[in-house]
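Let the hints inform the model, and build the full structure from the sequences given.
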Amino acid sequence: MSNLDWLLSRLFDFRALLDVLVVTFIIYWLLWVAQGTRALHLIRGIVSLFAMLFLLGWVLELSTLNWVLNRISPALIIAIPVIFQPELRRAFEQLGHTGSWLKNPFSNNPEDTGLDVAVDEVVRASAQLSRLRFGALIVMERETGLQDYVTKGVEIDANLTRQLLINIFFPNSPLHDAAVIIQNGRIMAASVVLPLTDNISATSNLGTRHRAAIGVTEESDAIAIVVSEETGQMSVAHSGRLIRHLDQDRLRRVLRTLLNLDQPRARRPEASIFPFTTRSTNGSVSPSGENVPAERSQPVGQNKKR
135 MSNLDWLLSR
145 LFDFRALLDV
155 LVVTFIIYWL
165 LWVAQGTRAL
175 HLIRGIVSLF
185 AMLFLLGWVL
195 ELSTLNWVLN
205 RISPALIIAI
215 PVIFQPELRR
225 AFEQLGHTGS
235 WLKNPFSNNP
245 EDTGLDVAVD
255 EVVRASAQLS
265 RLRFGALIVM
275 ERETGLQDYV
285 TKGVEIDANL
295 TRQLLINIFF
305 PNSPLHDAAV
315 IIQNGRIMAA
325 SVVLPLTDNI
335 SATSNLGTRH
345 RAAIGVTEES
355 DAIAIVVSEE
365 TGQMSVAHSG
375 RLIRHLDQDR
385 LRRVLRTLLN
395 LDQPRARRPE
405 ASIFPFTTRS
415 TNGSVSPSGE
425 NVPAERSQPV
435 GQNKKR
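Mapping of the sequence shown onto the numbering used here: position 202 corresponds to residue 336, and the numbering continues sequentially without gaps.
Don't read these hints as lab results, they were simulated from the structure. Here the structure is a predicted model, which means the values were calculated and not measured. Be aware that a few hints might be false.
Per label pair, the in silico range of CB-to-CB distance [stated by the list, open to error]:
{"id": "1", "residue 1": "D153", "residue 2": "L196", "range": "29 to 39 Å"}
{"id": "2", "residue 1": "A185", "residue 2": "I160", "range": "10 to 20 Å"}
{"id": "3", "residue 1": "V288", "residue 2": "I334", "range": "20 to 30 Å"}
{"id": "4", "residue 1": "L165", "residue 2": "A209", "range": "18 to 28 Å"}
{"id": "5", "residue 1": "N394", "residue 2": "V157", "range": "18 to 28 Å"}
{"id": "6", "residue 1": "W192", "residue 2": "T365", "range": "53 to 63 Å"}
{"id": "7", "residue 1": "A209", "residue 2": "E289", "range": "35 to 45 Å"}
{"id": "8", "residue 1": "D381", "residue 2": "V181", "range": "41 to 51 Å"}
{"id": "9", "residue 1": "S338", "residue 2": "R265", "range": "45 to 55 Å"}
{"id": "10", "residue 1": "P305", "residue 2": "L176", "range": "34 to 44 Å"}
{"id": "11", "residue 1": "I161", "residue 2": "W201", "range": "44 to 54 Å"}
{"id": "12", "residue 1": "F148", "residue 2": "G248", "range": "46 to 56 Å"}
Just so it is clear, CB atoms sit at the ideal spot from N, CA and C, and this is done for glycine as well.
Right under this line is the structure:
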């Protein structure tokens with residue numbers, strides 16, 4: 135009988151271990167699905183909200199709140215596939231690729247991407263495109279992943295160079311008519327169609343490239359550099375706002391300020407799995423590249439038409 139008890143206890147331990155491994159794999163897989171997409175920020179928001187509500191209901195013994203949360207929780211089983219349908223579809227499509235699901239979900243480290251070199255190449259390319267009057271739209275990824283857009287364009291995954299950017303935006307070339315997305319100092323995709331801003335009244339005097347630049351920065355924390363095909367004017371969009379009439383030196387200062395390249399390494403923003411533990415400098419920049427408070431950043435609609 136003692137041998138049977140020992141065997142049953144070992145079986146229970148094995149099941150407990152298997153249970154932990156399965157749950158760990160599911161969490162790992164969900165992080166892999168969300169990596170490089172806007173869904174990761176949505177997950178942070180949902181987890182943080184429900185954690186705070188459950189904690190509040192448990193500590194203060196709020197029976198009504200606990201009742202509502204207990205009734206809502208099962209509905210998440212249906213809501214999650216609906217909310218994350220694009221990410222789940224992409225994950226299932228890639229799940230069969232050899233070794234693709236073994237990637238580290240925390241490997242996307244923006245600190246080691248050679249941003250200084252990337253900024254220099256982008257600035258030099260933009261200045262030359264401006265002189266040539268070649269239209270261009272370059273999007274630099276920050277914390278919010280842009281993988282959703284990358285998969286809809288022509289994937290390149292090439293080293294970022296001034297010559298390659300100019301070749302991409304050369305008039306009538308196959309990839310010139312849309313955006314280029316830069317991730318971790320590399321050109322990941324070209325001919326990427328971006329969402330246009332919904333603020334039509336405030337951007338009625340702007341072209342499609344500028345409205346797309348504003349649109350993608352409204353939905354993410356990316357930085358978009360625009361070169362006007364008509365005037366050669368260089369602009370930068372961030373947080374749904376547009377900084378216009380930039381020359382090469384001011385463009386470099388603006389990009390370095392927005393990317394926090396002039397701050398000490400220890401003070402640069404650090405990403406966290408929870409939104410309330412993320413440290414960042416959310417100040418805007420003036421057209422001269424100087425820091426200004428966020429409340430003074432000028433909305434698009436207040437730019438004078440020139």
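For each hint, the structure was consulted:
1. D153 with L196: 29 to 39 Å: holds, 31 Å
2. A185 with I160: 10 to 20 Å: About 18 Å separates the Cβ atoms of A185 and I160, which means 10 to 20 Å holds.
3. V288 with I334: 20 to 30 Å: holds, 28 Å
4. L165 with A209: 18 to 28 Å: holds, 23 Å
5. N394 with V157: 18 to 28 Å: violated, 37 Å
6. W192 with T365: 53 to 63 Å: About 60 Å separates the Cβ atoms of W192 and T365, which means 53 to 63 Å holds.
7. A209 with E289: 35 to 45 Å: Given about 36 Å between the Cβ atoms, the range holds.
8. D381 with V181: 41 to 51 Å: Holds, since D381 and V181 (Cβ atoms, about 44 Å apart) stay within the stated range.
9. S338 with R265: 45 to 55 Å: violated, 28 Å
10. P305 with L176: 34 to 44 Å: holds, 39 Å
11. I161 with W201: 44 to 54 Å: violated, 28 Å
12. F148 with G248: 46 to 56 Å: Taking Cβ atoms as reference, F148 and G248 lie about 47 Å apart, which means the hint holds.
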